Structure formats: C-alpha cells, structure tokens
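Student: Following the hints, position chain R against chain B.
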Amino acid sequence: GNSVTQMEGPVTLSEEAFLTINCTYTATGYPSLFWYVQYPGEGLQLLLKATKADDKGSNKGFEATYRKETTSFHLEKGSVQVSDSAVYFCALNGDKIIFGKGTRLHILP
Amino acid sequence: KAGVTQTPRYLIKTRGQQVTLSCSPISGHRSVSWYQQTPGQGLQFLFEYFSETQRNKGNFPGRFSGRQFSNSRSEMNVSTLELGDSALYLCASSLGSSYNSPLHFGNGTRLTVT
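In order, the protein sequence lines correspond to chains B and R.
Numbering-wise, the numbering used here puts 72 at position 72 of the first sequence, and it's gapless, one number per residue.
Numbering-wise, the numbering used here puts 1017 at position 17 of the second sequence, and it's gapless, one number per residue.
Here chain B stands alone, though its shape is the one from the complex:
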C-alpha cells in the first residue's frame, strides 16, 4: 500500500539557517503530495502542494519539488525564522490521505 516516510526530529537550527526536511513516498498511480504545518495548540494548515511530477509547490519561503524518479518531496527553506518552529507533515493523497509521522522543528534566535 501507499506510505510516506519523513525524517525524524526534532530538528534544531539557528535563525537564518538553511532547512531541509526529507520526505519519500511509496505509491501506486499518480498521487498528489502535500506539506502541512502544525503550530502549537492548533490543527494542521496546508503549507504547499504539488499534483504531478516535476511540479514545485511554494509558500512562505518554503519549497518542495515532486520528484517521481526518486519518489521524494523534500521541504526546503533558505533562511528559517523563529516563527517557523512547528511540526511539519508530509502527506500523500491517493485513494485516501496518508501522513508521515511529522518532524518537529525548533528554531533558535
């Protein structure tokens, strides 16, 4: 069946550092891929999405490219801020949505 694997956290970085959170998937067909973010005490919010191979999703300085050849959808940001501290979930939507375990990100001022 379909599955999503993302790097375990927590990830701790200093402000303005470069961020990569790895996400790989296993799926049949051509699923859509998403990154969601969860701030403390809140539900998840869509961060970005990509619906087909080579699509790049971007939002708030974050980017991720749908790589079918490597079955990956890694999240990147060039310069993180303290306000980016949250839990990030990679997700795949085939016949139903499957989430990765989440990666907690701490940004130090």
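The set of hints was computed from the structure by calculation and includes no laboratory data.
Be aware that one or more of the hints could be misleading.
[Unchecked claim] Each computed DSSO-like pair below joins lysine-lysine, with the alpha-carbon atoms no more than 30 Å apart:
hint, chain 1, residue 1, chain 2, residue 2
1, B, K77, B, K96
2, B, K96, B, K60
3, B, K101, R, K1057
4, B, K77, B, K101
5, B, K68, B, K101
6, R, K1013, B, K101
7, B, K77, B, K56
8, B, K56, B, K96
9, B, K56, B, K101
10, B, K96, R, K1057
11, B, K68, B, K96
12, B, K52, B, K96
13, R, K1057, B, K68
14, R, K1057, B, K52
Given the structure is predicted, the values throughout are model-derived calculations rather than measurements.
Tutor: Okay, now just chain R, sitting in the frame of chain B:
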C-alpha cells in the same frame, strides 16, 4: 469565511463511557474527514464522509463511527472508551472529492480517557 469548527475543545471521560465529537466544515465544503493524532502513532485516518455517505474508512475498530448530516456537519462517536483512545481528534473539510483538494483542519478535540 469561518474555518472548520470542532467542539468541544477538551473532553475528559472514563473507561467504558462513550463520547460524541462534532465538526462544522467550511461553508460549501462537502467532504469531512476525521483523524486521530497521538505521539506514538502520529496522524491516522479514521474515515471520510462526502454528501452524507462514508466514502473511505481507516483501520480502526467498529467502536469508532461517524456520520454526516445534510448540512455537511459531521459527528464522530467512540463507544466503550479505552485508555488508548486518549488523543487529539482532528476534523478536516475539503471542497470535493478530488485527489488534489487540500484539507482544511479544525483545531481538534483533545480527549482524555481515565
């Protein structure tokens, strides 16, 4: 536009009791799905409803059930509560039945079973 509203925010129940959680989707959204979030298992899909019909179901026991009303509001019921049911329960709505539709989540109901 109002977001997804879940009530109540917090619940404390004892083992063996039952509980009903409520979710009001964004206006115009016809799909509502439910998730259980725990530190150990992460986010797990419970079920999805579209136009009052259950469209998909995760791997949870029959104690977990749900329904959707004609106004798209949804309820989730858990009977014979167990300690392991303690979790954050998230509801999400989306515009329609599409692999591309992003989910809009509520802030969740935190259930504690003692």
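Student: Now, for every hint given, state plainly whether the structure supports it.
Tutor: Hint by hint, here is what the structure shows:
no.	hint	result
1	B/K77 to B/K96	28 Å, holds
2	B/K96 to B/K60	27 Å, holds
3	B/K101 to R/K1057	19 Å, holds
4	B/K77 to B/K101	20 Å, holds
5	B/K68 to B/K101	21 Å, holds
6	R/K1013 to B/K101	27 Å, holds
7	B/K77 to B/K56	13 Å, holds
8	B/K56 to B/K96	22 Å, holds
9	B/K56 to B/K101	22 Å, holds
10	B/K96 to R/K1057	9 Å, holds
11	B/K68 to B/K96	19 Å, holds
12	B/K52 to B/K96	17 Å, holds
13	R/K1057 to B/K68	27 Å, holds
14	R/K1057 to B/K52	25 Å, holds
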